[in-house]
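**Student:** Here is how the chains run, residue by residue.
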Amino acid sequence: MDPILTVEHLHKEFDGYTVLDDVNMTVNPGEVVVIVGPSGCGKSTFLRCLNGLEKIEDGKVLLDGKIINPTGVDIAKDRQKIGMVFQSYDLFPHKTILQNITLAPVKVQGRNKDEAVREAVSLLERVGLSNKKDQYPRQLSGGQKQRVAIVRALIMHPEILLFDEVTAALDPEMVREVLEVVLSLAKEGRTMLIVTHEMAFARAVADRIVFIDGGRIVEEGRPDEFFTDPRTERARRFLDSFEY
Amino acid sequence: MSPVIESIGIDVLFKGNNMMRLLSGLMAALKISMISVVLSIVIGLVLGMLMTLNKPAIKVVSRIYLETVRIMPQMVLLFIVYFGATKAMGLNLSAETASIIVFTFWGSAEMADLVRGALISIPVIQYESSYALGMTGLQTYLYVIIPQTVRRLLPLAINLITRMIKTTSLVMMIGIVEVLKVGQQIIEANRKSSPNAAFGVFATVFLLYFIACWPISLLSRYLEKKAA
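In order, the protein sequences belong to chains A and B. Going letter by letter, the first sequence gives residues -16 to 227 in my numbering. Going letter by letter, the second sequence gives residues 48 to 275 in my numbering.
Read the hints as simulated data drawn from the structure, not as lab findings. We treat Cβ as the ideally placed atom computed from N, Cα and C, and that holds for glycine. Among these hints, one or two may not hold up.
[As the list claims (entries may be wrong)] If we take Cβ atoms under 8 angstroms as the criterion, some of the chain A residues that face chain B in the derived model are:
(1) N34
(2) R62
(3) S71
(4) D73
(5) F75
(6) L86
(7) M182
(8) F184
[Claimed, not checked] Subject to a maximum C-alpha distance of 20 angstroms in a straight line, what follows is the list of computed SDA-like cross-link-like pairs (lysine to any residue):
(9) A:K90 - B:T183
(10) A:K60 - B:L185
(11) B:K228 - B:K273
(12) B:K273 - A:K60
(13) A:K78 - B:K272
(14) B:K102 - A:D(-2)
(15) B:K273 - A:D(-2)
[Claimed, not checked] Non-contacting residues of chain A with respect to chain B, defined by C-beta distances greater than 12 angstroms in every case (computed):
(16) G(-1)
(17) R31
(18) K60
(19) D61
(20) M67
(21) Y72
(22) N83
(23) G111
(24) I138
(25) D147
(26) R186
(27) R191
(28) R199
(29) V201
(30) D223
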């Protein structure tokens, strides 16, 4: 089985300061990879490099064996295959929930509007928000907005979904409603790359855990192994920091 | 004529075609301001977008332009263009053309700054989330950035438009017979017969400006509420 996403020797700098150093990774169809690591370790930047929101200094990112080039002519087309949900609720404030969701499928993919609306409504039903479809983002709670952002990514039928700390900006009581949606997507076999600080969730959802520290992959493995018996000292210290 | 109308000096307006003259004066002022406003909006939009590009050369030039316009009183600009250009460059500008040049020069600078401010107030994540959905740069501008910018821009732009209309009263200094000038002429001509004309005429001029600007102010308040 060919991997959906391949990252080879990725090197990323900000103003001469190395953020990611020789990162290699493959993600196979249906796999859920969770990236964990201390704040500032480069895990969010890594996700942003995958869909070309950041330029990389060296190495390459391949989607279905094709190189993702942030400045290439195909970048907009390639990004349609990569769904991304950000930490901050990034809905378009001037559009209703339904318009937020149908904008890209209609304008970018040229899909029939009625068909897009039907799919949007059924996806909203799935995340329990179909009654909000004609409201504006400002009328929704953080957790609701984040669920809409997930729907907005899903309607593009991406091959892989990237989640960048989607619960980090939420109040604790809203974290669960968002994580449950992500978990249900994992169960139906979607390919996902998730950056999170929620360790219990990481353990529940992941097929594989990747631990990044200082811009490098330090450890990689099955979640039960990683969380009960990490191989490296750095991973152990990181996991200990979550215990009071 | 009733004594009240005479004592506050409105009587002169009913003499001859004085009221019509005042109105045509207002039209002269509105014509200059409308042409300048339209030109300023077009030039200001383009310039404001250029200013967000972060090119050092554009930054320096636009900074100098903006500061010049802010520091220089509009009347000085009018004199420079109308009298200065004629003498120094041998250009024979009509007073109206000179006024339109000055008002457009001023309006474009202010408009560009408003556009720039509105554009940079849109968070980067709005661009990124539309790129992440597969939108091109043009689609991102059309469907996401410009609609949000316009909402923030409208009330500010309308405020600028009313200021431009009001400031056209300066053009009488270079000989354009606009509403204020007509008012003065009427007062002068009726000094003997209606000594109180100054109050009545100027109050009428005030009212005419008010009628021209008030609807625009209302519109701005309505749009502000809608955008909030």
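**Student:** Decide, hint by hint, whether the structure agrees.
**Tutor:** Each hint tested on the structure:
The closest approach between the C-beta of N34 of chain A and any C-beta of chain B is roughly 6 angstroms, which is under the 8 angstroms cut-off, so the hint is satisfied. For R62 of chain A, the shortest C-beta to C-beta distance to chain B is roughly 5 angstroms, which falls under 8 angstroms, so the interface hint holds. Checking S71 of chain A against chain B by beta carbon gives a least distance of about 6 angstroms; that is within 8 angstroms, so the hint holds. The beta carbon of D73 of chain A is positioned within 8 angstroms of a beta carbon in chain B (closest approach about 4 angstroms), and the interface hint is therefore held.
For F75 of chain A, the interface hint holds, since its Cβ comes within 8 angstroms of a Cβ in chain B; the closest pair sits about 6 angstroms apart. Annotation: L86 of chain A was flagged as interfacial toward chain B, and the flag holds, the nearest CB pair being 6 angstroms apart, inside 8 angstroms. Checking M182 of chain A against chain B by beta carbon gives a least distance of about 26 angstroms; that is not within 8 angstroms, so the hint is violated. With a cut of 8 angstroms, the hint placing F184 of chain A at the interface with chain B is violated, because the nearest CB-to-CB distance is about 22 angstroms.
For the given pair, K90 of chain A sits about 10 angstroms from T183 of chain B by alpha-carbon distance, which is consistent with the 20 angstroms threshold. Among the hinted pairs, K60 of chain A with L185 of chain B is consistent with the structure: their alpha-carbon atoms are about 14 angstroms apart, no more than 20 angstroms. Our distance criterion of 20 angstroms between C-alpha atoms is broken by K228 of chain B and K273 of chain B, whose separation comes to about 39 angstroms. Distance hint between K273 of chain B and K60 of chain A is unfulfilled; the C-alpha atoms sit about 35 angstroms from each other, more than 20 angstroms.
With a C-alpha separation of about 17 angstroms, the suggested pair K78 of chain A and K272 of chain B falls inside the 20 angstroms cut-off, and the hint holds. The straight-line distance between the Cα atoms of K102 of chain B and D(-2) of chain A is roughly 19 angstroms, inside the 20 angstroms bound, and the hint therefore holds. For the given pair, K273 of chain B sits about 42 angstroms from D(-2) of chain A by alpha-carbon distance, which is inconsistent with the 20 angstroms threshold. Every CB of chain B lies more than 12 angstroms from the CB of G(-1) of chain A, the least distance being 20 angstroms, so the non-interface label holds.
A beta-carbon of chain B is positioned within 12 angstroms of the beta-carbon of R31 of chain A; the least distance is around 8 angstroms. Distance to chain B contradicts K60 of chain A as a non-interface residue, since its nearest Cβ pair spans about 7 angstroms, not more than 12 angstroms. The claim that D61 of chain A lies off the interface is violated: its Cβ sits roughly 8 angstroms from the closest Cβ of chain B, which falls inside the 12 angstroms cut-off. With a least CB separation of 4 angstroms from chain B, M67 of chain A falls inside the 12 angstroms interface cut-off, contrary to its annotation.
Distance to chain B contradicts Y72 of chain A as a non-interface residue, since its nearest Cβ pair spans about 9 angstroms, not more than 12 angstroms. Separation of N83 of chain A from chain B is inadequate, the least Cβ-Cβ distance of about 10 angstroms not exceeding the 12 angstroms criterion. Against the 12 angstroms criterion, G111 of chain A stays outside the reach of chain B, whose nearest CB is about 22 angstroms from its own CB. Its closest Cβ contact with chain B, about 9 angstroms, brings I138 of chain A to no more than 12 angstroms, contrary to its assignment away from the interface.
With a minimum CB-CB distance of about 10 angstroms to chain B, D147 of chain A fails to clear the 12 angstroms threshold, and the non-interface call is violated. Every C-beta of chain B lies more than 12 angstroms from that of R186 of chain A, the closest at about 27 angstroms, which supports listing it as non-interface. Chain B leaves R191 of chain A outside its interface by the beta-carbon criterion, the shortest separation being 24 angstroms against a cut-off of 12 angstroms. For R199 of chain A, the non-interface assignment is confirmed: its Cβ lies about 25 angstroms from the closest Cβ of chain B, beyond the 12 angstroms cut-off.
Residue-level check passed: V201 of chain A sits 28 angstroms from the nearest beta carbon of chain B, beyond 12 angstroms. Remark: the non-interface label on D223 of chain A is consistent with the geometry, its nearest Cβ contact in chain B lying 33 angstroms away (cut-off 12 angstroms).
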